[in-house]
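Trainee: These protein sequence lines are chains A and B, in that order. The opening residue of the first sequence carries number 84 in my numbering; numbering runs sequentially from there. The opening residue of the second sequence carries number 84 in my numbering; numbering runs sequentially from there.
Since the hints were derived computationally from the structure, they do not count as laboratory data. Treat the numbers as computed from the prediction; the structure is a model and nothing was measured. Check the hints yourself; a few may be wrong.
Here's a subset of chain A near chain B, in silico, CB distances under 7 Å, partners left out [claimed, not checked]: (1) E102; (2) A103; (3) G118; (4) G122; (5) A310; (6) H311; (7) V325.
Glycine is no exception: its CB is placed at the ideal position from the N, C-alpha and C atoms.
Protein chains: 2
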Amino acid sequence: MTAYEDLERLFERRALLSEARGLLYWDRATMMPAGAAEGRAEQIAALAVLTQDMLTGPEVADLLDAAEAAAEAGGLDDWRAANLREMRRDWRYATAVPSSLVAAIERAGSASEMVWREARPGNDFARQRPYLEEVLRLTREIADCRAQAFGCAPYDALLDGYEAGLTAATVDAVFDDLADFLPGFLDDVLARQAAAGPPLRPAGPFEIAAQRRLATDLMTALGFDFAHGRLDVSAHPFTGGVPDDVRITTRYTTDDFTSALMGVLHETGHALYERGLPAAWRRQPVGAAGGMLLHESQSLLIEMQVCRGGAFLAHALPLMAAAFDGDGPAWDRGNILRLYQRVERGLVRVDADEVTYPLHIILRYRLERALLSGDLPVADLPGAWNDGMADLLGVRPPDDRDGCLQDIHWMDGAIGYFPTYTLGAMAAAQLYAAAVAQSPDIVTGIAA
Amino acid sequence: MTAYEDLERLFERRALLSEARGLLYWDRATMMPAGAAEGRAEQIAALAVLTQDMLTGPEVADLLDAAEAAAEAGGLDDWRAANLREMRRDWRYATAVPSSLVAAIERAGSASEMVWREARPGNDFARQRPYLEEVLRLTREIADCRAQAFGCAPYDALLDGYEAGLTAATVDAVFDDLADFLPGFLDDVLARQAAAGPPLRPAGPFEIAAQRRLATDLMTALGFDFAHGRLDVSAHPFTGGVPDDVRITTRYTTDDFTSALMGVLHETGHALYERGLPAAWRRQPVGAAGGMLLHESQSLLIEMQVCRGGAFLAHALPLMAAAFDGDGPAWDRGNILRLYQRVERGLVRVDADEVTYPLHIILRYRLERALLSGDLPVADLPGAWNDGMADLLGVRPPDDRDGCLQDIHWMDGAIGYFPTYTLGAMAAAQLYAAAVAQSPDIVTGIAA
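Looking at chain A on its own, in the form it has when it is part of the complex (with noise of 0.2 Å):
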C-alpha cells in the first residue's frame, strides 16, 4: 500500500471512532438520565483522547509527508489530493493541544451542560459561572496551544475551527457593515410594519402530537428519509448523527407550533446537507461537511428562503391548518405569511427574523472575543449582555433565562461558531437569489 492509501484506512478508523462519539452527544442530548452524565464525559473523553492519539505518532507525520511527496509529483487525482490536505489539516489540530486538555475540556463541557439545562430554565447564572468560567479557561488554553502552532491570533485559531480560514478580520469587515445598515433599516421595516398593523396569531393549544406529526410530514415532503433519520425533543435543537442516520431534534411548546417547526425545517437542512455529502468519501475528511458557514447556509436555505416565503406555504398551509382545525383570518396566508417574515426587537436568538438575527450574533461575537482574552470576566457577562441587547436591538432582557443563559454554545465550550451563522445566513440568501435567477420555475416547484 502507499503512504496515501495507509492514512485512509487510518482515517476510516478515526471516523468511526468519531461517529460512535457523536452517537453518544446525541443521546447525552436526547436519551441520558441526568445520573449518567459523569460517567458519560468519561466515555466521550476517552473517545476523544483515542481519535487524537491516533494522528500524533510520529508514524503518521511520516506517512503524511510521504504522500505529500507523492501529490507533489502528480501520483494523486483532484479528490485525494483534496483529502491529503484535508488530513494534514486535521492533523496540525490533533497535534496542537496535548490530549490531557481534549480529555479536560470534554469533562467540563459536559458537567456545564448538565448545568445548563436546570440553570437556564431556573434562571441561576450564579449557578452556571463556575462551570462556564471553568470551560472557558479550557476553551482558553486551547485556543492559545492552537495560536502558537497556526502562528495565527488565539480567536482566529477557534473560528477556523469551525470554518476553516475565516478570521476576525473578515468577520469585523462584514459585521461592522451590518452594524452600520441594520439599526436605520430595523426602523425602516418596524415603521413599514406598524402602518400594516399586526398580524394576527392563530390561537393553541397546539398539541404536541400533532406539531410532530406536521413536522414530519413536512420534512418528508422536503426530501427528510426517515429510514436514515430520526426526529427527536432536546433542550437545545441540533442536528447530529452521520450521514446515513441524520438525527435532528426539536422543543415543543404547546402555546406556539411555528418556534418548534421552523427549527425542525431549519435541521432538516442541515440534515439535507449531511444526508447528501458525497457517499464515495464518506469517512474520510474530504467527505465532511465544508465547515458550519456552508451547513448553516443550507440550513438557512430551507427555512428563512424557502420556507418563510409564499410558495412553500401554499403547499404548507393547509396542512398546518388541519393539523390545529384552524380556521378563520389568523389562518389566512397572507396573515401567515406576515407573521412568518414578521420583524421584531425580540429577546431569543433563535426565534429572531433575518433582520434582528444578524444584531443576536454580533452582540454574542463581541462578548465571546472580551471573554476569551479575558477582558470581560464572566461575573459581568449578563450586565454585557444586557447592555448589549439595549444598545443594539432596543430591547433589554428581563432576566438571564432570555439573556445571557439562552444559547447552549457557550456552556460547552462552542467559542467561535457564533459567526458562522449569520455568514450562513448571507450566503444562503446569495445561494437562493442565484438559483432563482438561473431557474424561476424553482419557485412554482417548491409551490407545487
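Knowing the structure of chain A, use the given hints to seat chain B on it.
Mentor: This is chain B only, laid out in the frame that chain A set:
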C-alpha cells in the same frame, strides 16, 4: 506506578470503549433507523477491534506477568488479586481470536439481526438462513480459536464465555436430570390444573401508554431509579447500558399486558443487579457482572420468585386493576395468581412458565451443539426444532415465527448462552428459598 496500577489504567480505558460500544448496541435495538445498520456495524466492529487490540500487545503480557509475580509475593490485597485474575481471563480471550474475526462476527451478526427483525414477523426462514449460516460459520471459527488456546472443546469455550468455568459436562448432568423428571412432572401439574378449571383472562384491549405507566410504577416500587436508567421498546427485550445508566426494554401488545409487564419486571431484576455492582470497582474486570448465570438468577429472583407470587400481587394487583379499569372475577387475586403461575405446553420461551421453561432451554442446548458441530445443517433447523418441541413439550409449532425464529440469540452469534437461563432459574429458586428460610418476614415485606 506498579505493573498492576498500569493495568488498572489500561482496563479502565478499555471499559470506557466497551461502554460506548454498549450504547451503540442499545441504540441499534431501540432507536436506530434501518438504513443505518451497515454503518453502525462498522462503528461497532471498529470499537470491538480497538478494545481487543488494547490487550494483545507484548507490553500487556509483560505487565500481567509482573503483576502476577507481585501478587504471588503477597503484594496485592484480595480485591486486587481477584481483579488481576479477571484481567488475565480477559487477556486470554483477547489473544485467542484474531481481531479480523472479531470485526467479521460484528458485521455478520448485525446484518443477521437486521434481517431477523423482518424475517421473524414475516415467518421467512429462507431469508434468514444464509445470514444464520454465516454467523454460525464465524462463531465456529471463534470457538475453534478459543478451544485451541484454552485446551478445551469448542462448545465449552463458548459456554465459558458466558459463565466462567461452565462446561457441557456440567450442563449435561443437570439437563439430563431435568429432561427425565420434567415430562412426567408436567403431566402431573397439568392434570392438577385441569381439575381446578382454567383461570379467567382479563379482557383487553390494554392501552400501551397505560401499560407503560404501570410498568414504570412497579419498576420504581422495586427500586429502579429513573435518574440512572430508562425503559424503552425493542423487538427482543434486553438489559443494556452501564451501572449508572441501566437501560431495559420490553415489547407491548394491546391484547395482553402480562407478557410485557413480566418482561419488564424480569429486566428490572437484571437492572438492579447491574446498578448494585460495586461502584469502587466500576470499569475494572472484578467489578463487572459475575457471568450470565448469576445475572439471570437476579432477573428470575425478581420475576419468578417475587413478582409472580401472592405477596407481590397484594401490592401490584390494585395498581393493575386501576391502570386498566379492571373489575370482576378475572381481576380476583386468586384468579390472577393462578394465571401468573399457570403451566402450559406453550411455543414461546419468553412466555414460558417455571415448569416448561427448562424444556425450551434443553431443546436449544441440544440444537445449538448440533449446529456448532455441523451435525445439524442450518437448512434442517426448522424441522429439528419442531420435532424437538413435539418430543420435549408435546406441541409442534405451526410456523417458524414461533418456532426456530423466535429468539434473537443465534441470529447474533450468541451460542452457549441459553444454558445459563435454566441454571440461573435454579439459582434464583435456591437464593429465594434460602433468603426466606433465614428471614421469613421478607414475604410480608414484599406485600407491604
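Trainee: Which of the numbered hints above does this structure break?
Mentor: none
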